[in-house]
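Take the sequence shown: its position 165, counted from the start at 1, is 210 in my numbering, and no numbers get skipped.
Some hints here could point you the wrong way.
[As the list claims (entries may be wrong)] Derived Cβ-Cβ restraints for the label pairs, each shown as a range:
hint, residue 1, residue 2, range
1, 204, 230, 38 to 46 Å
2, 218, 170, 41 to 49 Å
3, 78, 179, 37 to 45 Å
4, 198, 166, 15 to 23 Å
5, 248, 198, 33 to 41 Å
6, 124, 218, 40 to 48 Å
[As the list claims (entries may be wrong)] Here are the simulated lysine-lysine pairs, DSSO-like style, with alpha carbons at most 27 Å apart:
hint, residue 1, residue 2
7, 201, 135
8, 103, 135
9, 205, 103
10, 103, 201
No lab work stands behind these hints, which were simulated from the structure alone. Beta carbons are placed, not taken as given, at the ideal position from N, Cα and C, and that holds for glycine.
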Amino acid sequence: MTKAIYSSLSDVDTSLVPSARPNVWSLFLVWSRIGLQSFGGGSATILLIRREFIERYKWLTEEEYSLYWSLCQLSPGIILVAMTILIGRKLRGWSGILISLAGLLLPSSIVTCLFSAGFELIQMLSPVQAMLRGLLPATAGLMLTISLQFALPSLKQAWKSGQQVLRLAECMVIISGSVLAVTYWHVEIINVVLGAIVISLGIFYPWQRRLEGLGTRGEA
Numbered sequence: 046m047t048k049a050i051y052s053s054l055s056d057v058d059t060s061l062v063p064s065a066r067p068n069v070w071s072l073f074l075v076w077s078r079i080g081l082q083s084f085g086g087g088s089a090t091i092l093l094i095r096r097e098f099i100e101r102y103k104w105l106t107e108e109e110y111s112l113y114w115s116l117c118q119l120s121p122g123i124i125l126v127a128m129t130i131l132i133g134r135k136l137r138g139w140s141g142i143l144i145s146l147a148g149l150l151l152p153s154s155i156v157t158c159l160f161s162a163g164f165e166l167i168q169m170l171s172p173v174q175a176m177l178r179g180l181l182p183a184t185a186g187l188m189l190t191i192s193l194q195f196a197l198p199s200l201k202q203a204w205k206s207g208q209q210v211l212r213l214a215e216c217m218v219i220i221s222g223s224v225l226a227v228t229y230w231h232v233e234i235i236n237v238v239l240g241a242i243v244i245s246l247g248i249f250y251p252w253q254r255r256l257e258g259l260g261t262r263g264e265a
């Protein structure tokens, strides 16, 4: 597994042209803006990271973003912190890691402390209760959007290679299996992640290799 991870990292082009490489101050401002706007928890933060680094500044590609997110699932601890470290290292090396973490955590931590100090005074007010009730479905919508966005690069790649049916089947099996494992069987999250890896490597990867072999023989 470790070799596969390093191989995946080496496949990603980590060289950026100078015009696309942000300076330290720009990187700090972007992460600060993300941290200050990330109302709604991790789902909102992930969407903001995607919007800033892929859509707005084009500092990352869809494939790099999906790869980094997948690698973060394998690491213990807070996924967003791991994602921030990977992106910071990609863009500015070790200094990028420190600047990215500082930009994401410092401003938002200050706002959170101030908000928490005053929340006890307003938490029982009807407008505040209504606001909190509205956050739950909004968060669910954000999580659904994130799931679709992470699935699209994989499906696009499968479509180009003619393996869209296999990749779609893989996604559906793993998604439905993960939902059942967590909600019905109450399986630990780490076991769900490991199970998804086993299914992907043990079942779908051999099928993919077989299809690639058939395609190669057909071209010959």
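Distance restraint between residue 103 and residue 135, which requires alpha-carbon spacing of 27 Å or less: Cα-Cα ~13 Å, so holds.
message: I want to verify a distance hint. Is the separation of the beta carbons of residue 124 and residue 218 within 40 to 48 Å?
response: violated (23 Å)
- prompt: Regarding residue 78 and residue 179, is the given constraint of 37 to 45 Å on their beta-carbon distance met?
  reply: violated (24 Å)
- request: For the range 41 to 49 Å, tell me whether the beta carbons of residue 218 and residue 170 fit it or not.
  value: With Cβ atoms ~46 Å apart, the hint holds.
Range agreement (Cβ of residue 166 with Cβ of residue 198, hint 15 to 23 Å): violated (45 Å)
Residue 103 paired with residue 201 [C-alpha distance capped at 27 Å]: holds (19 Å)
- prompt: Falls inside 38 to 46 Å, the C-beta gap from residue 204 to residue 230?
  reply: violated (33 Å)
message: Hint check: residue 205 vs residue 103, CA-CA at most 27 Å. Holds or violated?
response: holds (22 Å)
query: Is the gap between the beta carbons of residue 248 and residue 198 within 33 to 41 Å?
result: Between residue 248 and residue 198, where Cβ atoms are some 21 Å apart, the hint is violated.
- prompt: Are the Cα atoms of residue 201 and residue 135 separated by 27 Å or less?
  reply: Cα-Cα ~24 Å, so holds.
In summary, the structure is inconsistent with hints 1, 3, 4, 5, 6 from the numbered list given earlier, while agreeing with the others.
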